[in-house]
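The chain contents come next:
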Amino acid sequence: MNLTIDAKSPLPAYQQVIQAIKLEVLSGGLCDGDLLPSIRDLAKLLKLNPNTVAKAYYALEAEGFSENRSGSGSRVRVPAGRRDALRQAMFENELKNFLEKAVSLGFSLEDIQQFIERIKNEPSHR
Amino acid sequence: MNQAIVETRELSFGFSRKKVLDELCVSFPESEWAVIAGRNGVGKSTLLRLLAGVLFPKSGTIVRAEAARQEKIGFISDTLSLFEDWTVERAIAFHCRAFAVDRFDDRLFTRLGLGQTVRIKNLSAGERAILHLSLVLSQQPSLLLIDEVMHMLDPYIRDLFIEALIEHMAAKRATVLTVNHTFSEIEKIPERLLVMDGGRFVVDEPTEALGGLMKKVISREPLPEALPCFFKKTDGIYKEYYIYPFREELRAEHGLEFQDIALAEIVKAFIGGGYEQKRMA
Amino acid sequence: MNRKEWREVGKQFLYFILLIVGIALLIGVIDLIQGRSFESEKFIIMLGLWMLTASMFLGLSPFAMDSKQKGMEYLLTLPLSRRRLLFVKLLPRLAAFVFFYCLFLLLYQIQGQEVFGNLYIFFQLAYFALFFISFSLASSDENFIVQFFSAAMAFLGYWVLSFFTLASGFAWRNHLSLAVVWRFDAFDDLFHEPRGMAVTIAVFSILLVPFVASYFLAFKKFDLKPVRSFNRLQLLFFLPLLLLALMIALTVSVLMQKTFMLN
Numbered sequence: 001m002n003l004t005i006d007a008k009s010p011l012p013a014y015q016q017v018i019q020a021i022k023l024e025v026l027s028g029g030l031c032d033g034d035l036l037p038s039i040r041d042l043a044k045l046l047k048l049n050p051n052t053v054a055k056a057y058y059a060l061e062a063e064g065f066s067e068n069r070s071g072s073g074s075r076v077r078v079p080a081g082r083r084d085a086l087r088q089a090m091f092e093n094e095l096k097n098f099l100e101k102a103v104s105l106g107f108s109l110e111d112i113q114q115f116i117e118r119i120k121n122e123p124s125h126r
Numbered sequence: 127m128n129q130a131i132v133e134t135r136e137l138s139f140g141f142s143r144k145k146v147l148d149e150l151c152v153s154f155p156e157s158e159w160a161v162i163a164g165r166n167g168v169g170k171s172t173l174l175r176l177l178a179g180v181l182f183p184k185s186g187t188i189v190r191a192e193a194a195r196q197e198k199i200g201f202i203s204d205t206l207s208l209f210e211d212w213t214v215e216r217a218i219a220f221h222c223r224a225f226a227v228d229r230f231d232d233r234l235f236t237r238l239g240l241g242q243t244v245r246i247k248n249l250s251a252g253e254r255a256i257l258h259l260s261l262v263l264s265q266q267p268s269l270l271l272i273d274e275v276m277h278m279l280d281p282y283i284r285d286l287f288i289e290a291l292i293e294h295m296a297a298k299r300a301t302v303l304t305v306n307h308t309f310s311e312i313e314k315i316p317e318r319l320l321v322m323d324g325g326r327f328v329v330d331e332p333t334e335a336l337g338g339l340m341k342k343v344i345s346r347e348p349l350p351e352a353l354p355c356f357f358k359k360t361d362g363i364y365k366e367y368y369i370y371p372f373r374e375e376l377r378a379e380h381g382l383e384f385q386d387i388a389l390a391e392i393v394k395a396f397i398g399g400g401y402e403q404k405r406m407a
Numbered sequence: 408m409n410r411k412e413w414r415e416v417g418k419q420f421l422y423f424i425l426l427i428v429g430i431a432l433l434i435g436v437i438d439l440i441q442g443r444s445f446e447s448e449k450f451i452i453m454l455g456l457w458m459l460t461a462s463m464f465l466g467l468s469p470f471a472m473d474s475k476q477k478g479m480e481y482l483l484t485l486p487l488s489r490r491r492l493l494f495v496k497l498l499p500r501l502a503a504f505v506f507f508y509c510l511f512l513l514l515y516q517i518q519g520q521e522v523f524g525n526l527y528i529f530f531q532l533a534y535f536a537l538f539f540i541s542f543s544l545a546s547s548d549e550n551f552i553v554q555f556f557s558a559a560m561a562f563l564g565y566w567v568l569s570f571f572t573l574a575s576g577f578a579w580r581n582h583l584s585l586a587v588v589w590r591f592d593a594f595d596d597l598f599h600e601p602r603g604m605a606v607t608i609a610v611f612s613i614l615l616v617p618f619v620a621s622y623f624l625a626f627k628k629f630d631l632k633p634v635r636s637f638n639r640l641q642l643l644f645f646l647p648l649l650l651l652a653l654m655i656a657l658t659v660s661v662l663m664q665k666t667f668m669l670n
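Protein chains in written order, with the working numbering: chain S, 1 to 126; chain X, 127 to 407; chain G, 408 to 670.
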């Protein structure tokens with residue numbers, strides 16, 4: 001599990017946890033039916049407040065990404081179409097951030113397109 | 127709705143004409159980690175001692191829930207007060223008897239490889255802190271009051287210390303109040319920041335919100351007056367300005383780069399701002 | 408907590424026993440060298456001094472070890488009330504105090520009770536008073552020397568006050584002035600007969616109460632503030648209690664004193 005919490009990010013910690021878990025799901029680290037780590041364990045691992053982890057877990061459950069069968073902990077639920085929708089949503093978010101940053105640096109969309117073409121044609125990027 | 131585990135009402139404290147706490151009102155719910163910051167000598171340790179029952183208020187009251195009765199309050203003072211000539215073994219036995227503890231969890235202690243026959247005065251600060259924490263956690267406290275001890279610990283012991291606190295908090299829904307100067311490794315843990323000044327809390331905010339409420343600007347030129355600058359460091363070529371309270375509109379209004387800052391810097395800015403206000407008063 | 412206190416007092420108790428045994432042996436050896444038989448008088452005096460010392464020490468020391476070991480703050484976090492804390496501190500020390508007294512009675516009985524007359528009674532009164540006065544000053548300072556001197560001063564003051572009360576009662580009853588009371592043998596003989604002894608013990612006991620009571624009352628608010636504020640609080644309780652005790656003691660002294668036929 002690749003989870004690091006950025007202390008400086010204004011994004012609340014629980015959001016970061018949600019993001020990280022979603023990434024794990026997308027990358028295949030967590031599959032449908034896998035058990036999520038207990039709140040206590042994850043809190044200890046990430047050096048986070050247990051309430052923060054709990055908040056993240058509740059949010060995940062609310063979004064439908066996990067279900068908590070009492071006793072055995074939370075299990076990941078990745079409904080078929082959901083995974084792709086998630087991947088799409090995350091990618092779009094990242095892209096938006098990237099574009100915003102590029103624009104703030106003074107690049108136009110054409111500049112960006114040219115840049116992408118250049119990278120595509122570079123041999124090292126096969 | 128969380129019922130307060132401990133609450134102060136118009137709490138005042140001082141002696142020989144020195145006023146340390148001035149009608150302080152604060153309330154702490156169950157299962158919260160709050161960090162208390164402030165410049166040296168402002169009264170943080172005093173507040174903790176009052177909450178622990180080691181000091182009595184001059185006026186005002188402290189209301190403790192039944193869950194926070196004396197045996198269920200774990201207090202670690204900044205002096206790590208224990209009977210120094212005793213061996214670890216005796217200290218553990220005494221503590222367990224005094225607090226009616228059935229089982230003492232020595233896992234933390236054994237991880238440091240310490241024997242029980244060593245005398246407390248011969249322990250290093252870190253070892254003593256871990257012993258103190260182990261003792262206090264054995265009470266299964268619902269309220270943990272931890273004074274400035276974390277800066278004394280080496281990174282490994284600090285890690286153990288923090289992990290133990292997190293674990294306890296998760297297991298018992300305990301409330302943890304720590305007095306901190308350093309925030310390394312606990313940047314994202316506390317849910318609430320309280321900054322003390324002039325005998326009261328001048329800041330009492332959820333830490334989650336603070337990231338959005340305070341931003342930093344580094345600039346060579348002075349900032350426009352319109353920006354609410356709470357604290358600034360203007361000695362060098364690059365001047366640091368801490369904007370508080372920050373609004374997203376400011377980004378558009380001023381073409382400046384507002385940097386995100388973490389808890390340590392936020393606290394530094396609050397305390398620095400306090401010193402500045404004091405200077406100007 | 409009990410175990411800790413009994414253990415601490417036990418250690419001090421053993422040291423004191425060793426001390427008196429050592430003194431006895433020393434006197435015995437000196438007598439032996441000088442070719443005399445064991446002179447019990449010297450030993451009796453040493454025993455007396457030893458007892459007064461022990462009494463004072465037991466009274467002053469309840470928090471000495473805790474303070475020395477920097478454990479006062481820890482002590483105050485324990486789940487027991489201030490009053491209970493004080494009782495737990497008092498009990499073993501009281502036990503040692505009583506034990507030494509019984510030892511004294513035993514040894515003095517062997518010598519024959521009336522060896523020292525008045526001194527015997529006053530010695531016992533002093534022994535009792537020193538303990539309770541010292542105990543009431545157990546939290547008066549961190550420095551043992553300062554505590555010791557405070558206790559000595561307090562004891563002297565108490566002694567003077569007690570005598571004053573006794574003499575006043577006697578003077579009143581016999582229509583004398585206070586200044587001349589001391590000259591009368593009848594006043595001296597006061598302590599030889601039961602009624603006089605009763606008055607004496609009553610007066611001395613009553614005047615001891617303000618010390619102990621003020622300590623217990625003030626201790627309810629004992630904390631880590633500088634000891635000055637605790638002393639001030641204790642004094643605040645002590646003075647009115649002393650006044651009250653003085654009035655009661657004077658009354659008792661006046662009512663209970665015998666009148667003597669004067670020629």
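Since the hints were derived computationally from the structure, they do not count as laboratory data. The reader is advised that the hints may include incorrect statements.
To be verified - Taking CB as the label site, the calculated pair distances span:
#  : chain 1 : residue 1 : chain 2 : residue 2 : range
1  : S       : L35       : X       : F182      : 27 to 35 angstroms
2  : X       : G241      : G       : L643      : 43 to 51 angstroms
3  : X       : F141      : G       : A471      : 22 to 30 angstroms
4  : G       : M472      : X       : G241      : 20 to 28 angstroms
5  : X       : V189      : G       : L563      : 43 to 51 angstroms
6  : X       : V189      : G       : I655      : 39 to 47 angstroms
7  : G       : T460      : X       : K184      : 56 to 64 angstroms
8  : G       : L631      : X       : R405      : 25 to 33 angstroms
9  : X       : R405      : G       : L642      : 51 to 59 angstroms
10 : X       : S345      : S       : R118      : 29 to 37 angstroms
11 : G       : P601      : X       : F230      : 42 to 50 angstroms
12 : G       : V505      : X       : D211      : 23 to 31 angstroms
13 : X       : T213      : G       : T460      : 39 to 47 angstroms
14 : G       : L643      : X       : L349      : 53 to 61 angstroms
Heads up, the beta-carbon is just placed ideally off N, CA and C, and yes, glycines get one too.
Right, here's what the structure says about each hint:
1. S:L35 x X:F182: 27 to 35 angstroms: With a Cβ separation near 50 angstroms, L35 of chain S and F182 of chain X fall outside 27 to 35 angstroms, so the hint is violated.
2. X:G241 x G:L643: 43 to 51 angstroms: At 49 angstroms between Cβs, range holds.
3. X:F141 x G:A471: 22 to 30 angstroms: This hint holds: roughly 24 angstroms between Cβ atoms.
4. G:M472 x X:G241: 20 to 28 angstroms: holds (24 angstroms)
5. X:V189 x G:L563: 43 to 51 angstroms: holds (47 angstroms)
6. X:V189 x G:I655: 39 to 47 angstroms: Given range 39 to 47 angstroms: holds, Cβ gap about 41 angstroms.
7. G:T460 x X:K184: 56 to 64 angstroms: violated (40 angstroms)
8. G:L631 x X:R405: 25 to 33 angstroms: At roughly 32 angstroms between Cβ atoms, R405 of chain X and L631 of chain G fall inside 25 to 33 angstroms, so the hint holds.
9. X:R405 x G:L642: 51 to 59 angstroms: With a Cβ separation near 41 angstroms, R405 of chain X and L642 of chain G fall outside 51 to 59 angstroms, so the hint is violated.
10. X:S345 x S:R118: 29 to 37 angstroms: holds (35 angstroms)
11. G:P601 x X:F230: 42 to 50 angstroms: Violated, at about 59 angstroms.
12. G:V505 x X:D211: 23 to 31 angstroms: Holds: the Cβ-Cβ distance is about 28 angstroms, inside 23 to 31 angstroms.
13. X:T213 x G:T460: 39 to 47 angstroms: violated (31 angstroms)
14. G:L643 x X:L349: 53 to 61 angstroms: Given a distance of about 57 angstroms, which is inside 53 to 61 angstroms, the answer is holds.
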